[in-house]
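Asker: In order, the protein sequence lines correspond to chains A and B. Residues 1 to 116 in the working numbering are what the first sequence lists, from first letter to last. Residues 1001 to 1108 in the working numbering are what the second sequence lists, from first letter to last.
Keep in mind that the hints were calculated from the coordinates and are not lab data.
Which stretches of chain A does chain B cover? Using the computed rule of at least three CB atoms under 8 Å from a CB of chain B, they are: (1) 41-49; (2) 53-62; (3) 93-100; (4) 105-116.
Using N, Cα and C, we set each Cβ at its ideal position, and we do this for glycine too.
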Amino acid sequence: DSGVTQTPKHLITATGQRVTLRCSPRSGDLSVYWYQQSLDQGLQFLIQYYNGEERAKGNILERFSAQQFPDLHSELNLSSLELGDSALYFCASSVGDRANSNQPQHFGDGTRLSIL
Amino acid sequence: GQNIDQPTEMTATEGAIVQINCTYQTSGFNGLFWYQQHAGEAPTFLSYNVLDGLEEKGRFSSFLSRSKGYSYLLLKELQMKDSASYLCAVEDDYKLSFGAGTTVTVRA
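Chain A with its partners taken away, still in its complex shape (with noise of 0.2 Å):
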């Protein structure tokens, strides 16, 4: 157990729809990284935040978007749903801003998401 909690583990929608995926890191880390898993795109970053500021962005579309609340918990919004959502969205947290050996990035369980 990663001490990372994500909510809910299974989610089944349809195109067009909106969903909000949870996460709360693990006790004492500030930063929490969010990534898509696909089976054709592996494991890709979309965006960090760091004690409710947005610190780093990667291939995150503008249907997507997330925020940090001041208990540090996070949540991604995926909105107009397409076929190609469907994949594994994980949730990562780590203490500081970057990650290191001393404290790695921290992955939940992942919320599967399918797309009907």
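Guided by the hints, dock chain B onto chain A, whose structure is given.
Answerer: For chain B alone, kept in the frame of chain A given last:
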């Protein structure tokens, strides 16, 4: 952009040694990570290299050559539970870029 290459698949026998290579071309470099991921599960941290050389952690070792843009993960005394995908990731400007992963199958 970031380019991180790993072999797609490797097969080895229980008790043997396997070396997974990773080459990278990235715009910046702040460290290289190796993660293990069992199918459908979360990636788990294995090792981190930021300086050239070998880092050893039990049955797992990782090597880095920054000048060559090259790393490898060495798995010794392979066990059946080591069957998994191994992901190489480079940190650059706060972002982790992952390779596609190497699926290692351990056979009895």
